[in-house]
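Enquirer: So the chains spell out like this:
There are 2 protein chains.
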Amino acid sequence: MEKQKNIVIIGGTACGPKAAARARRLDQKAKITIIEEEENLSTATCGLPYYIGGVIKNQSKLIARRPDFFKEQMNIDVLNNTRAVAIDRKAHQVELLSLGTKTTIRYDKLVLATGGIPAVPNLEGRHLGGIFTLTKLKDAVAIRSLIAPHDIKKAIIVGAGLIGIEMAENFIAQGLEVTMIEALDWVLPAMLDFEIAAPVEKHLRSKGINLILGQRVAGFEGDADGWVRKVVTKDTAFEGRLVLLALGMKPNVKLAQNAGLKIGKLGGVDVNEYLETSDPDVYAGGDCVENVNLVTRQKMLAPLGSTANKHGRVIGTNVTGGRETFPGVVGTFVIKVFDFNVARVGLTEAQAKKAGFDIVTALVPSYEHATYYPGSKEILVKLIADKATGKLLGGQVVGPGDSAKRIDVLATALSFGATVDDLANLDLSYAPPYNSAMDPLHAAANVIRNKRDGLARGLSPMAVKEKIDRGEEFILLDVRTLEEWNARRIEAPQTKFVPIRELRARLEELPQGAEIVTFCQSSIRAYNAQRILEGAGFKDVKFLDGSIAGWPYEVSGTKPFI
Amino acid sequence: MEKQKNIVIIGGTACGPKAAARARRLDQKAKITIIEEEENLSTATCGLPYYIGGVIKNQSKLIARRPDFFKEQMNIDVLNNTRAVAIDRKAHQVELLSLGTKTTIRYDKLVLATGGIPAVPNLEGRHLGGIFTLTKLKDAVAIRSLIAPHDIKKAIIVGAGLIGIEMAENFIAQGLEVTMIEALDWVLPAMLDFEIAAPVEKHLRSKGINLILGQRVAGFEGDADGWVRKVVTKDTAFEGRLVLLALGMKPNVKLAQNAGLKIGKLGGVDVNEYLETSDPDVYAGGDCVENVNLVTRQKMLAPLGSTANKHGRVIGTNVTGGRETFPGVVGTFVIKVFDFNVARVGLTEAQAKKAGFDIVTALVPSYEHATYYPGSKEILVKLIADKATGKLLGGQVVGPGDSAKRIDVLATALSFGATVDDLANLDLSYAPPYNSAMDPLHAAANVIRNKRDGLARGLSPMAVKEKIDRGEEFILLDVRTLEEWNARRIEAPQTKFVPIRELRARLEELPQGAEIVTFCQSSIRAYNAQRILEGAGFKDVKFLDGSIAGWPYEVSGTKPFI
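Protein sequence lines correspond, in order, to chains A and B. Counting with the numbering used here, you get residues 382 to 943 for the letters of the first sequence. Counting with the numbering used here, you get residues 382 to 943 for the letters of the second sequence.
Don't take each hint at face value.
Since the list gives no way to pick out one identical chain from another, each pair is judged satisfied if it fits inside one copy or across any two copies.
[What the hints assert, rightly or not] Derived pair list, reagent style BS3-like, types lysine-lysine, alpha-carbon separation capped at 27 Å:
#: 1; residue 1: K438; residue 2: K517
#: 2; residue 1: K940; residue 2: K442
#: 3; residue 1: K735; residue 2: K631
#: 4; residue 1: K471; residue 2: K848
#: 5; residue 1: K588; residue 2: K848
#: 6; residue 1: K772; residue 2: K611
#: 7; residue 1: K877; residue 2: K386
#: 8; residue 1: K848; residue 2: K410
#: 9; residue 1: K846; residue 2: K412
#: 10; residue 1: K386; residue 2: K734
#: 11; residue 1: K410; residue 2: K846
#: 12; residue 1: K442; residue 2: K635
#: 13; residue 1: K920; residue 2: K452
#: 14; residue 1: K471; residue 2: K588
#: 15; residue 1: K442; residue 2: K772
#: 16; residue 1: K483; residue 2: K386
#: 17; residue 1: K920; residue 2: K534
#: 18; residue 1: K768; residue 2: K920
The hints are simulated quantities; they were obtained by calculation from the structure and are not laboratory data. Just so it is clear, the structure is predicted and the values come from calculations on it, not from any experiment.
From just these sequences and the hints, can you work out the full model?
Expert: The structure is reproduced here in structure tokens:
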């Protein structure tokens, strides 16, 4: 008779239960045990902000499976309210602590799905009451129960990343005043470039968020009861009795580290493509490991439930004798920011430059579907590609329109090493309620193709703003209609207004040697104008990437785009 | 001095204007002329059904560019209300007819963007008044102007393809009674397999469409004024004074054919990857040409505005001396059917079999995003892959949820020859308002992986229905909960009910030699049950693909899914 395999899984949120279920389907005889510190398993931690906001009414909605489900349906043993204290790799056993009692459990194959822990800065007052992080259901319950009966009116969020912004929306949903403090100069700084973050920032402010950018929190002050009263920055202080620290997650690797398993440079458990750790009898997956970034082939942290679930399947296969691989991730990310859908994939411009790429970008304001069909909403698309090869490196899409669809297309394209030529010819679905004949991604890919071919010459809004601010001599040529000019303008002494339909006839108004930067609403006419001027012999013509619709700075007049 | 190039483009809807604009950007000196039969260019013909339905209020919304736009902004000559009568390839000139006057125009490079013409069957009475096709703005105007003042209460649509179904929705929007007659046995028969068309059919019926399937129209009867009164089929006749023939489009190749250009086997102009016809000075694009299907590498017809626009860019490049290629299409298609989003890509099961593939499929009922986040809507996903290699061949997604996003991911994956392993590991965007941790495509890809690995054994609903109808001896094992069993059931004498949580304890109720087909709501538990039974020594166990949620036949009790 075959020996019964003993599979022990530490962690019961996403990767762990998935690995257990997969292992069970592959091996009906194995003994499979999940160790979980909390009461419940398979908690939908991504839903916690929405539970606090009341969008998800009931805690029970967040618990996909009660502990008894695993035994009854899957014949999987669950040790909940149990903490794994140490791993003895030589003896193949794990030391457990449950209700003060120590026990051990033996394993043939061990799975570490220990997740992440919130980053907490080593600041004075960080242990005061009223200062929270949000990773577990109990955190959400504590925060929600504090809001209603304790008459808390204000919340201060430290960090404008994923959790910070989701919580900003949900605190507002609960009627709180919200101040959000971010040390860097724009929101979602690890995810977005400045000009894409700018409309998100505007949107947050329009929803009443008091957004403090470029200020680092220095400490917290409390009252006599040990409850927080103030969040202190270098320059000022913000009063509040509810503080959320949303400074990102770190891999929870204490167990692995103490057991002498290899930890990667980014602080996650080091695993190979089979998700094996440095010990072939120990696997690891989910938020506690490092992943391969398929764009750079470097390791990266990608703590997401989606990745954790994929890891779980691979591990479930491999602990039962299979040999499945996990190829890696492309840094896909989406977040709802009130009425905006904000998504990104691959490398930002800053990340691509840091990784050593010589890049070319496109910034394209567009619409989610044909504008003649009702209800089409705006999106702003940025693409980043390698200049030499045209290989796609990353993309960002924001706005009230459908961003997630475009990011999923880009994520798929990036996984296959697509070039902008590939992207421009993708046979994406088209009917007026769903798209334009040319998807915004097609348009953006074509901008990069035109730039690579030397036809289109773009200048980023940041570069143009610098030229304006430095008082440089150039012509910022607005080629829109008089109606558009009257409605809104980029106010700069360098601005000159010549509608494109008059351009061919008014060429003599433009000095031949001048540097000209054309713009319109979305850059289609600006690009045409650039080509007309070049055809007429002008030598130094560029267009403003994204034109007025993608301009991240102030515009006089009515709101131009998103 | 460089000779001025003479570029003549026949056809002003999508491919033609795009080719013209691209050519202008590349060559500021060329003489570029568009010949168009109608008054307006760049008409959004995909919006015509919604104009008839009143969703698009105003004709002007459908005209993206007035004729004078081309001259003023692009220096492109437009000859509208002008028909190209013949091409003299030797003389490099086209004979034109405008307001009864014949002229000729010379070309260096000629572009055929002559579009499609509606298929009209050679039936008695087809020229009666009140019988329409819908391809031009004037058709839409004629239909819309007929509905309101003429007190027409009923419309009969012949053909349940794209235009037929879009018009069914829009006639209903205008308060008409609608009968739709389709010769084949299900709706969108060229696009969908039966089990995916089945919920679309139910949805159409639920919206009041009188859907007549499997009946071929035999002719039309009119009144003394020559106006249609009846649509006659073999068995019966349907009364109505407004008839729409929606039997698909054929490439409009008359000019090309008369000029001796090569026509392909499917009836479209034969072009190479540069979109050159058999004459290197004549290019063709849009609905009039055949495309390469990237899945089969065979030619196919793909008359869509999206493809036409991409063709236009390629042609614009090549007529000005460039050398750009168009790789082909993957048969992507999306249609709004009232509250359903219906999309497909690649090959259907029937098409894949016809193309000689040995296939494996998945049928997965799922939700567009995390079910714990409010508002998640249902989708039913079918995937088709090559059994030997796991290469993806096609996909279909229907339901009220977001189908288009999934089809765009599949379209991208198909373009790169993705396998189901690739698909299962795609890093798609995840946050509760946008997706589940595992996208429905991941789930479907994993079903196919499990089938290919010999772990999961599925049986299609059609195969199970046949077994039931033949009275075969087997056990149709329902492993849902008692609550689910009480709510709805597949009624068959072969059905046996054992909830999965009791299955391990009640194995003795199942005869060891029996053929067992398990099912649940969506097949997750059915697959687990299959594995449990196999682990217990049962040799002939399968699960019902898609389970009760994907069951295309009658179910007793409440509506189970979409």
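Enquirer: Give a verdict on every hint.
Expert: Outcome of the hint check:
no. : hint         : in the structure
1   : K438 to K517 : within (17 Å within a copy, 51 Å between copies)
2   : K940 to K442 : between (40 Å within a copy, 23 Å between copies)
3   : K735 to K631 : within (22 Å within a copy, 52 Å between copies)
4   : K471 to K848 : neither (65 Å within a copy, 55 Å between copies)
5   : K588 to K848 : neither (32 Å within a copy, 59 Å between copies)
6   : K772 to K611 : neither (49 Å within a copy, 59 Å between copies)
7   : K877 to K386 : neither (77 Å within a copy, 33 Å between copies)
8   : K848 to K410 : neither (71 Å within a copy, 33 Å between copies)
9   : K846 to K412 : neither (64 Å within a copy, 38 Å between copies)
10  : K386 to K734 : neither (48 Å within a copy, 42 Å between copies)
11  : K410 to K846 : neither (67 Å within a copy, 34 Å between copies)
12  : K442 to K635 : neither (31 Å within a copy, 62 Å between copies)
13  : K920 to K452 : between (75 Å within a copy, 25 Å between copies)
14  : K471 to K588 : neither (56 Å within a copy, 67 Å between copies)
15  : K442 to K772 : neither (42 Å within a copy, 37 Å between copies)
16  : K483 to K386 : within (23 Å within a copy, 87 Å between copies)
17  : K920 to K534 : neither (59 Å within a copy, 64 Å between copies)
18  : K768 to K920 : within (22 Å within a copy, 58 Å between copies)
In summary, the structure is inconsistent with hints 4, 5, 6, 7, 8, 9, 10, 11, 12, 14, 15 and 17 from the numbered list given earlier, while agreeing with the others.
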